[in-house]
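Asks: Spelled out from the first residue to the last, the chains are:
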Amino acid sequence: MSISTARLTAATFAGRVAGAASRLARQGTGASIRGKVMLKVDPGALGKLLAGKRIAVVSGTNGKTTTTHFLAAAVRASLGSHADRLVHNADGANLHHGLASALSGHPEADIAILESDERVVGDVIRLGRPEVLVLLNFSRDQLDRHHEIKSLGRSWRTALAGAGPSGPVVVANADEPLVVWAALAAKQVIWVDTSTTWTQDSSLCPECDATLIRIQPDAASGLVGDWYCSGCSLARPKGDYRVESGTIVDRSQQVWDPQLSVPGVFNVSNAACALAAAELLGVDPRTALRGMRTVTSPAGRFATAQFGTTTARLLLAKNPAGWAEALPLAQTQTVILAIDSAAADGRDVSWLWDVDYERLAGRKVIATGRRAQDLAVRLRYAEVDYRCIPDLAAALADHSEPVDVIATYTPFQRLRRMGRV
Amino acid sequence: MNGRTPGRRVEVVLIYQSLLGLYGDRGNATVLIKRLAWRGYDPVLTVVEPGNPLPDTGHVYLLGGGEDAAQITAVRALRADGGLYRAVERGAAVLAVCAGYQIVGNTFTVGYQDEVISGLGLLDVTTTRGPVRAVGEIISRWNGRDGDDQWLTGFENHGGYTRLGPRAEPLATVEIGIGNCNDGTEGAVSGTVIGTYPHGPVLARNPALADHLLELALGHELEPLAHHEIKKLRRQRLARVRRSYARRR
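Respectively, the protein sequence lines represent chains A and B. Heads up: the first sequence at position 250 corresponds to 250 in our numbering, and the numbers run straight through without jumps. Heads up: the second sequence at position 122 corresponds to 122 in our numbering, and the numbers run straight through without jumps.
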């Protein structure tokens, strides 16, 4: 055993002990602490764990957990009885230590399907030489920590340029200018026309700062969306894959009805990206979709859970773009909205005013979570009927009809624990 | 003008949301429109994007936060448009928040090369890159106010530090946070133009500041509105921020 391997073995062991202790202390799954301890003992652990594997990585602001679940399910479907060859950070722990923890849990796996935080993408490209990288979208999120989303795009672009011919093939959302700009540095890009409708986070060209011109898609008239820069040649690339009226059209113009088990048009877009990535990994579309249809509640998203006598469906929304997707899904007469401002949620709740809560008028809203009062003021100005019940358990108690719950990250994780999903 | 007649048309102009709308800045427009409607006025919201002229009929003009490149594009478009200068001359009220505050000043800098960009010169303030980024909750005391209204509460997130010239008065005095440049002052006022760092929907947490802007624009006082949830939010924010600040010290 080389010294390097010995250190990794020691790190893995130390991580397991810490993870088990954390689980016993009922502090979550222990995955995060396991990874942290590992990287403390062996700072090179992540690189060693990634070495020698076939790797696909998914990143972006919204949808990365679900998309990674789609891709993992697609690949698993193609592996049949050899599904244990695959490792996947299914719990959504996507920083260095989360990746290290997931990988060390399945040392025998030779295929890794990994969700990566936007800030970690560059390191994963450098350390792991992934085969495929899926870049979904960029939108404002936790601005108290990431001051400029453009700098994240720049870090992707730099890492891809640095990797050169040994870098990944990128599957990129053609409707997101910053994603396109970053992806153009890759050796090869498969573009996915996702019919994204959220455009509020990109008004200037990432290449030259001139104003971007946008043509909004219009489903009624069949007009497809488009964008191009008024100052340089950056423009929306033609999609190799595209999402069209809820179907996915692949590279050979074959139309697939995805029939997913998770709701939302945005998830069809996520599935289109996963399908493109699966094909790059050698999975045929039919098998890939068969796998993707088994995805029902990735890391608790869209899960239905029981809270005493209350049946609730859990939706996660972390930023205005995510809320624009989640709000139309919430269909129940009573809707529970859980807001917090812990570090993982972003300490600044200004974004509440970029969300169209006005659309909830006529329904009963329960505002909960540690920043419920901020939401209460927002709902007052939206002229939406609400009750403010800051305590999460109390807000969920005793609903005779099923309720939809939309939560920011921290209360969402608490709800998963409370509802055991 | 029949200033107090119910149903009077009052126009709020939200400037360049695509460039200066990073932190829920549209919330300030929502707050002003609703506070007018609840008092029986006929409020009109006009959202202007670059390339379209600013209306000359506005009563309150709002500028919000944005990234460096957006700031430069916005200041150029506003200078070429000229409408904001005419509005201020007419006595319209202007609320310029965060990046918006910087661009209504004399100059500001962008990027790590500290490129100096000319502002609109509507406030006698100058902004340069500060030693550390100011990120966090801020509480300040509105100069010349008393009672509960004097406390201004918000969240600041800015890398630029702003110094006031002789023709601008500070809006407030910092209790917790950085404010203009960690010199104890926050924001600036000159006539009907107000600049401030607490960003995004600052008027949601500070209804007295919202009504002050409307009063500046309308030229008369407004009936108070009592909303228990806003009072409660203010009490909660002030208490929690003071408590966590005391713990940190």
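Hints may contain errors.
[To be verified] Pairs of lysine-lysine residues, derived as DSSO-like cross-links and limited to a Cα-Cα distance of at most 27 Å, are as follows:
1. A/LYS187 <-> B/LYS231
2. A/LYS36 <-> A/LYS53
3. A/LYS364 <-> B/LYS34
4. B/LYS34 <-> B/LYS232
5. A/LYS48 <-> A/LYS187
6. B/LYS232 <-> A/LYS364
7. A/LYS187 <-> A/LYS150
8. A/LYS36 <-> A/LYS48
9. A/LYS238 <-> A/LYS187
[Unchecked claim] Which stretches of chain B does chain A cover? Using the computed rule of at least three CB atoms under 8 Å from a CB of chain A, they are:
10. 19–27
11. 101–107
12. 122–131
[As the list claims (entries may be wrong)] Short derived list, chain A residues pointing at chain B, Cβ under 7 Å:
13. SER151
14. GLU207
15. CYS208
16. ASP354
Note that these hints are calculated values from the structure, not bench results. Glycine is no exception: its CB is placed at the ideal position from the N, C-alpha and C atoms.
Asks: Against each hint, give a clear statement of whether it holds in the structure.
Replies: Here is how each hint holds up against the structure:
Of the pairs offered as hints, the one joining A/LYS187 and B/LYS231 is violated, with about 57 Å between alpha carbons and a cut-off of 27 Å exceeded. Among the hinted pairs, A/LYS36 with A/LYS53 is consistent with the structure: their alpha-carbon atoms are about 22 Å apart, no more than 27 Å. Note on A/LYS364 and B/LYS34: the hinted pairing holds, with a Cα-Cα distance of about 21 Å set against a maximum of 27 Å. Only pairs whose Cα atoms come within 27 Å are accepted, and B/LYS34 paired with B/LYS232 is accepted, the gap being roughly 19 Å.
Proximity of A/LYS48 to A/LYS187 is assessed by CA-CA distance (about 25 Å); at most 27 Å being required, the pair is judged to hold. Only pairs whose Cα atoms come within 27 Å are accepted, and B/LYS232 paired with A/LYS364 is accepted, the gap being roughly 21 Å. A distance of roughly 21 Å separates the Cα atoms of A/LYS187 and A/LYS150; the hinted pair therefore holds under the 27 Å criterion. Straight-line distance between C-alpha atoms of A/LYS36 and A/LYS48 comes to about 15 Å, which keeps the hinted pair within the 27 Å bound.
With a C-alpha separation of about 17 Å, the suggested pairing of A/LYS238 with A/LYS187 holds against the 27 Å cut-off. For the region 19–27 of chain B, the proposed coverage by chain A is satisfied: 8 residues have a C-beta within less than 8 Å of a C-beta in that chain, meeting the threshold of three. Beta-carbon proximity to chain A at under 8 Å applies to 0 residues in the region 101–107 of chain B; the threshold of 3 is not reached and the given coverage is violated. Counting residues of the region 122–131 of chain B whose beta-carbon sits less than 8 Å from any beta-carbon of chain A gives 0, not enough to reach three: the coverage restraint is violated.
Using the Cβ-Cβ criterion of 7 Å, the hint placing A/SER151 at the interface with chain B is not satisfied: the shortest such distance is roughly 10 Å. Because the beta carbon of A/GLU207 sits about 11 Å from the nearest beta carbon in chain B, more than 7 Å, this interface hint is broken. Contact between A/CYS208 and chain B, as hinted, is not supported at the beta carbon level, the nearest pair being about 9 Å apart and thus beyond 7 Å. The beta carbon of A/ASP354 comes within 5 Å of a beta carbon in chain B, closer than 7 Å, and the hint placing it at the interface holds.
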